[in-house]
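Student: Quick note on numbering: this note's numbering labels position 92 of the sequence shown as 112, and the sequence is numbered without any gaps.
If you're looking for bench data, these hints aren't it; they were derived computationally from the structure. Take these hints with a grain of salt, some might be off.
Claimed, not checked - Think about it this way: if two alpha-carbon atoms lie no more than 20 angstroms apart in a straight line, the pair counts; the simulated EDC-like pairs of lysine to aspartate or glutamate are:
1. Lys165 <-> Glu234
2. Lys165 <-> Asp135
3. Lys197 <-> Glu210
4. Lys252 <-> Asp179
5. Lys237 <-> Glu144
6. Lys131 <-> Glu144
7. Lys61 <-> Asp123
8. Lys117 <-> Asp135
9. Lys65 <-> Asp179
10. Lys252 <-> Asp220
11. Lys157 <-> Asp123
12. Lys197 <-> Asp179
13. Lys61 <-> Asp94
14. Lys237 <-> Glu55
15. Lys252 <-> Glu234
16. Lys112 <-> Glu144
17. Lys91 <-> Glu55
18. Lys65 <-> Glu55
19. Lys111 <-> Asp82
20. Lys151 <-> Asp220
21. Lys93 <-> Asp82
22. Lys151 <-> Asp123
23. Lys112 <-> Asp179
24. Lys62 <-> Asp51
25. Lys118 <-> Asp105
26. Lys61 <-> Asp51
27. Lys61 <-> Glu234
To be verified - What follows is a set of in silico ranges between Cβ atoms, one per label pair, in the way DEER data are often shown:
28. Lys211 <-> Ile187: 17 to 25 angstroms
29. Ser133 <-> Phe201: 42 to 50 angstroms
30. Phe175 <-> Glu234: 18 to 26 angstroms
Where is the CB? At the ideal position from N, CA and C, for every residue including glycine.
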Amino acid sequence: MKKKERERKQTYSETKKFNFLYYIFEKIANDARNEFFNILKKKTKYSKKKTIIDIGTTPSLDTVQNIILSKIKDNKNITCLSNLDCKILLKKYPNIKKIITGDGRNNNLPKNSFDIVHSNATIEHVGSYKKQLLFIKECIRISKKYVFIQTPNRFYPLDFHTILPLIHWLPKNIHRKILRFIGLNFYSLEKNLNLLSISDLRNFCNRLRIKNYEIIKYRLFFMVSNLILVIKK
Numbered sequence: 021m022k023k024k025e026r027e028r029k030q031t032y033s034e035t036k037k038f039n040f041l042y043y044i045f046e047k048i049a050n051d052a053r054n055e056f057f058n059i060l061k062k063k064t065k066y067s068k069k070k071t072i073i074d075i076g077t078t079p080s081l082d083t084v085q086n087i088i089l090s091k092i093k094d095n096k097n098i099t100c101l102s103n104l105d106c107k108i109l110l111k112k113y114p115n116i117k118k119i120i121t122g123d124g125r126n127n128n129l130p131k132n133s134f135d136i137v138h139s140n141a142t143i144e145h146v147g148s149y150k151k152q153l154l155f156i157k158e159c160i161r162i163s164k165k166y167v168f169i170q171t172p173n174r175f176y177p178l179d180f181h182t183i184l185p186l187i188h189w190l191p192k193n194i195h196r197k198i199l200r201f202i203g204l205n206f207y208s209l210e211k212n213l214n215l216l217s218i219s220d221l222r223n224f225c226n227r228l229r230i231k232n233y234e235i236i237k238y239r240l241f242f243m244v245s246n247l248i249l250v251i252k253k
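Put together the whole structure using the sequences plus the hints.
Tutor: Below you can see the structure in the form of C-alpha cells.
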C-alpha cells in the first residue's frame with residue numbers, strides 16, 4: 021500500500037477511536053452528501069449525457085465515500101482524477117470511462133474538456149491558500165460550462181475531519197499545535213488540512229476575476245456546515 025493511501029486509512033481509523041461521535045456523524049454526513057448531489061443536478065442541469073470529471077475521488081468501495089459515483093451509474097462519460105490509485109472502483113462502477121492518477125492543482129488535461137467539473141471535500145486537502153487557488157483555476161480551465169466545489173465551512177462549530185469542536189476557530193498555527201499535541205499529526209499539517217470560510221471562497225473568485233459564481237450555504241442544525249462554490253463559464 022502506498023504511503024499516502026496508508027496515511028489516509030490510518031487517519032480515518034484514528035478519528036473513529038478518538039471520538040464516539042464519529043458514528044453519529046457518518047449518518048449525518050451521508051444525508052448531506054445526498055443533498056449535495058441534488059444541488060449539483062439543479063445548478064448544473066445535470067444529465068447522463070453530460071461529460072463530468074470528479075476530482076479527488078477516493079479509492080474506496082464504500083458508497084458514502086463516493087456518493088457522486090453511486091448517483092450516476094448510468095453515465096458513461098464520467099472521469100475520475102485522484103492522487104491515489106482508484107482502479108479498484110471499476111469493480112463497482114464499470115461505467116467509469118477513465119481513471120487518472122494526477123494532481124488537481126496541475127492536471128495536464130486539455131482546456132474545456134468536461135461539461136461539469138465536480139469536487140467534493142477535496143480543496144481543503146490540497147495545501148496552502150496559493151495551492152487552493154491553483155486548484156480552482158485548474159477546475160475552471162478544464163470546464164466547458166460548470167464547476168462545482170464543495171467544502172466544509174471552517175466556522176461551523178464541529179470540524180468534520182477530527183470530530184472536535186471549536187478549536188479550528190483558533191488561529192491556524194495554534195489549531196495545528198493542539199492537533200499535534202493530542203496526536204492527530206496528519207491533520208496538523210497544512211498540506212493535509214486547510215479549512216476554508218465564505219470569505220476565502222469570495223477572495224479566490226476575486227483573485228481569479230470570476231464574475232459568474234454562487235456560494236451556496238448548506239445548513240446543519242441551523243448553522244452553515246458546508247459551502248458549495250458553483251461557477252458558470
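Student: Give a verdict on every hint.
Tutor: Status of the hints after comparison with the structure:
1. Lys165 <-> Glu234: holds, 14 angstroms
2. Lys165 <-> Asp135: holds, 5 angstroms
3. Lys197 <-> Glu210: It holds: about 11 angstroms lies between the C-alpha atoms, which stays within 20 angstroms.
4. Lys252 <-> Asp179: Violated, at about 29 angstroms.
5. Lys237 <-> Glu144: This hinted pair holds, its Cα atoms lying about 16 angstroms apart.
6. Lys131 <-> Glu144: The hint is violated at about 24 angstroms.
7. Lys61 <-> Asp123: violated, 26 angstroms
8. Lys117 <-> Asp135: holds, 15 angstroms
9. Lys65 <-> Asp179: This hinted pair is violated, its Cα atoms lying about 31 angstroms apart.
10. Lys252 <-> Asp220: Satisfied, since the Cα-Cα distance of roughly 19 angstroms is no more than 20 angstroms.
11. Lys157 <-> Asp123: holds, 13 angstroms
12. Lys197 <-> Asp179: holds, 16 angstroms
13. Lys61 <-> Asp94: The hint holds at about 14 angstroms.
14. Lys237 <-> Glu55: holds, 12 angstroms
15. Lys252 <-> Glu234: holds, 9 angstroms
16. Lys112 <-> Glu144: violated, 27 angstroms
17. Lys91 <-> Glu55: holds, 11 angstroms
18. Lys65 <-> Glu55: holds, 15 angstroms
19. Lys111 <-> Asp82: Holds, at roughly 12 angstroms.
20. Lys151 <-> Asp220: holds, 13 angstroms
21. Lys93 <-> Asp82: holds, 15 angstroms
22. Lys151 <-> Asp123: Holds, at about 11 angstroms.
23. Lys112 <-> Asp179: Measuring from Cα to Cα gives roughly 30 angstroms; hence the hint is violated.
24. Lys62 <-> Asp51: holds, 17 angstroms
25. Lys118 <-> Asp105: holds, 12 angstroms
26. Lys61 <-> Asp51: holds, 16 angstroms
27. Lys61 <-> Glu234: Status holds; Cα separation ~15 angstroms.
28. Lys211 <-> Ile187: 17 to 25 angstroms: holds, 19 angstroms
29. Ser133 <-> Phe201: 42 to 50 angstroms: holds, 44 angstroms
30. Phe175 <-> Glu234: 18 to 26 angstroms: Given range 18 to 26 angstroms: holds, Cβ gap about 19 angstroms.
Hint compliance for this structure: hints 4, 6, 7, 9, 16, 23 are not met, and every other hint is.
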